[in-house]
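Visitor: Here is what each chain is made of, one letter per residue.
Protein chains: 2
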Amino acid sequence: MRLSRYFLPVLKETPADAQIVSHRYMLRAGMIRQQAAGIYSWLPLGYKVLKRIEQIVHEEQQRAGHIPLLMPTLQPASLWQESGRFDAYGPEMLRIRDRHDRDMLYGPTNEEMITDIFRGHVASYRDLPLTLYHIQWKFRDEIRPRFGVMRGREFYMKDGYNFDLTKEDALHAYNRHLVTYLRTYERMGLQAIPMRADSGPIGGDDTHEFLVLAETGESEVFYDAAVTDIRLGARDIDYDDKAQCQAVMEEFTELYARTDETHDAEEFDRIPEERRRSARGIEVGQIFYFGTKYSEAMGATVATPEGERVPVHMGSHGIGVSRLVGAIIEASHDDKGIIWPEGVTPFHVGIVNLKQGDAEADKACEDLYAAMEAAGLEPLYDDRSERAGAKFATMDLIGLPWRITVGPRGLKNGVVELTSRRSGESEELAPEAAIARLIEIYAGKL
Amino acid sequence: MRLSRYFLPVLKETPADAQIVSHRYMLRAGMIRQQAAGIYSWLPLGYKVLKRIEQIVHEEQQRAGHIPLLMPTLQPASLWQESGRFDAYGPEMLRIRDRHDRDMLYGPTNEEMITDIFRGHVASYRDLPLTLYHIQWKFRDEIRPRFGVMRGREFYMKDGYNFDLTKEDALHAYNRHLVTYLRTYERMGLQAIPMRADSGPIGGDDTHEFLVLAETGESEVFYDAAVTDIRLGARDIDYDDKAQCQAVMEEFTELYARTDETHDAEEFDRIPEERRRSARGIEVGQIFYFGTKYSEAMGATVATPEGERVPVHMGSHGIGVSRLVGAIIEASHDDKGIIWPEGVTPFHVGIVNLKQGDAEADKACEDLYAAMEAAGLEPLYDDRSERAGAKFATMDLIGLPWRITVGPRGLKNGVVELTSRRSGESEELAPEAAIARLIEIYAGKL
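The listed protein sequences derive, respectively, from chains A and B.
Residues in the first sequence are numbered consecutively from 1, following full-length UniProt numbering.
Residues in the second sequence are numbered consecutively from 1, following full-length UniProt numbering.
To be clear, the hints were calculated from the coordinates, so they are not data collected in a lab.
Among these hints, one or two may not hold up.
Derived lysine-lysine pairs resembling DSS-like cross-links, with alpha carbons at most 27 Å apart [what the hints assert, rightly or not]: (1) B:242 to B:12; (2) A:138 to B:412; (3) B:336 to B:355; (4) B:355 to A:51; (5) A:242 to A:336; (6) B:138 to B:51; (7) B:355 to B:51; (8) A:12 to A:51; (9) A:138 to B:51; (10) A:355 to A:336; (11) B:336 to B:445; (12) A:445 to B:336; (13) B:167 to B:51; (14) A:51 to B:242; (15) A:445 to B:242; (16) B:12 to A:51; (17) A:167 to A:242.
Note that the coordinates shown come from a computational prediction; the quantities given were computed from them, not determined experimentally.
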């Protein structure tokens, strides 16, 4: 993309009402625009990041055999009356009446609807196990929306639902989701720690929240420092292998790590003192096993091999897709702006032309641009007639992890400059060598 | 995808309340499930088609330099009060009140919001021309929703908005959109004819609707038969070339083609009688030029090169993404089911194993499956223990354009059968040759 033809409305001033860094930088980098309290437009740069995150979530869910579908944003109240949650949910549920005076709502989550789909179409144990998920806009009418997309009202979420014949199978689905989530966050350059949590209005016994440590987190968390040393890494996972998924789950959850809701001071004190940590965390996902809570209430049963009809065991599993954009920024920025991890960056590399209009510099930039596109990289070329300082400031603010700087002086020596946004380190390279380096950096990430 | 692990709830019976063929087949093929009047869940197969269509729309918009962003589904009433449409819109607008008693609405379209984004961030002619678009869920509270996704309440639409300094530039944007739409529909295997139409609540003078001819169409249309012979085809388009876009527009719109709203019997009668046609059509898109209607009302101005502030010239341009799923089926089916065009098919090819459990047949199917995935094709492998007739009926119903049938008899002679869903013709081929044929068929469509 050429910046002269893009729509990237960066702001020079820091918006007064933005209290946390991700909100400030998303506004300043022209990623979002507030349209009402807690309701945002995703401007082109923000939209690109949102889509990259969504794509990673899709890939990791489908890798585990989970099947995508799409439920609508509006739901009939009748489904929620069946589960008893229509009255229980409180004022955060946005209730709507249509022109025929029918009660509807903007879905805050989809346990009821997915259970309705299941009971309408599945009748036998032979169709299990089954995990369906969607990524859809949801609404929670927060009384005081704040922190930009971190605590908005209209938000984008992946929610998945497993249907299993037995509790054992459903716990495998729980573990399987835990593994997919670990991989999902790691691909985004995030460390999200599974912590034992409270199930809230979803219900159920088993639940873990995934928390990214950050000063601005809304939750207080307590953990054994050793938990931050564990990585999933590139290990090969067979998602049908119950023992393997269980082992990963145990590895990641056996050390103490809890939110304040489930914190147990006595147990915490048994951790060696030098490893005891309390901090703040941002919730970026949660998994639940809630057994037959919804299937019993709504009559979602299957025939067993013996011909008996039993309610299915279920769980639900959510990742906050729009919230992750903010969480990644909270975890990865400096005082000049955002620093995108390679896995989610909106553009792979920025090209800064130090002397726009200089025939040689323009040609070198055009050649780099074409070669990058041919290699499957997405560059953002700052082709405006601005001074170098302004171009650098924009690139630093929007946080592309790599920048190539092209100027007449370097070109005389046959080199351009490749700069890491994270370390600030620069390297002089022939243009072809710079592209080769970028291809290497993004291997497996395109 | 292996059918045994997929969620494809096909129905044997024809649903009684579905009046048109696309609605019937979408229900029977397990593509959608109604959740409330005019509100559907997109089950996995339907979701895949929806996403293929969305992807084509994105590609063709971005090819023309149009920039994607994403506006929220809910909008504050205040924006619509500025344009005067909050009161004018009528009961099809779903009005909502949030917990703080603020008036909101579920967006049926986005002229106001995009104008608000524009005025908030753009101030100079130097940032023009600019075309922004999004693909987002919308709501229109139809009094009597029917025909499945063809006239639903919650629907998925691409809507794009151009901002230009002059009327001439805005008319180029209009022509450019017309060309992108022609290409978009042709890639989906559809002929959609641009017809002069009425602008309705959007406003403006220039507007064309794109109509697919089909008996079940909601509009009566009148046209010169010669208009159905024109194709855009593979011609190379430079979307910055005003004369070229204008020429394409004229080529496609100079012959008589109008909806009943703008029909002129006298002019129609001047067409040679043997070319006069009246028929029914399904609207799948519409483009508008409406000048400064919204920019004046909402103060969206830019500075000209002379320093004067003038309201921008705008147009809006919509494609009914969810509606297209139905329209394609209306245009492409037979009495056994859907016939997907290659450009939008949910899976590229079906594999039918005639003797599941037979070691040789199973292995041949697995090998085909792996080879197809390696070639970038997405196969649907019917690996269920069903009789051949049931497997064929499912494949015919869901409408994959190509089927490979594998059975012990053919394998003895080293062949499988490749069948075209459209023609019904079969060909016996070595497995490798069948894959080579499919790769050829889908060249440029993956």
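Visitor: Hint by hint, say whether it matches the structure.
Guide: Tested hints:
1. B:242 to B:12: violated, 53 Å
2. A:138 to B:412: violated, 55 Å
3. B:336 to B:355: Holds, because 23 Å separates the two Cα atoms, which is no more than 27 Å.
4. B:355 to A:51: The given pair, whose Cα atoms are some 42 Å apart, is violated under the 27 Å limit.
5. A:242 to A:336: violated, 46 Å
6. B:138 to B:51: The hint holds at about 16 Å.
7. B:355 to B:51: Not OK: residue 355 of chain B and residue 51 of chain B at ~33 Å, beyond 27 Å, violated.
8. A:12 to A:51: Holds - the C-alpha atoms of residue 51 of chain A and residue 12 of chain A are around 26 Å apart, at most 27 Å.
9. A:138 to B:51: Status holds; Cα separation ~19 Å.
10. A:355 to A:336: Given pair residue 355 of chain A, residue 336 of chain A holds - Cα atoms ~23 Å apart, limit 27 Å.
11. B:336 to B:445: The hint holds at about 25 Å.
12. A:445 to B:336: violated, 43 Å
13. B:167 to B:51: violated, 35 Å
14. A:51 to B:242: Since the Cα atoms of residue 51 of chain A and residue 242 of chain B sit roughly 32 Å apart, the hinted pair is violated (cutoff 27 Å).
15. A:445 to B:242: violated, 38 Å
16. B:12 to A:51: Answer violated: residue 12 of chain B to residue 51 of chain A is near 38 Å, above 27 Å.
17. A:167 to A:242: Between residue 167 of chain A and residue 242 of chain A the Cα gap is close to 13 Å, so the pair holds against 27 Å.
In summary, the numbered hints that this structure violates are 1, 2, 4, 5, 7, 12, 13, 14, 15, 16.
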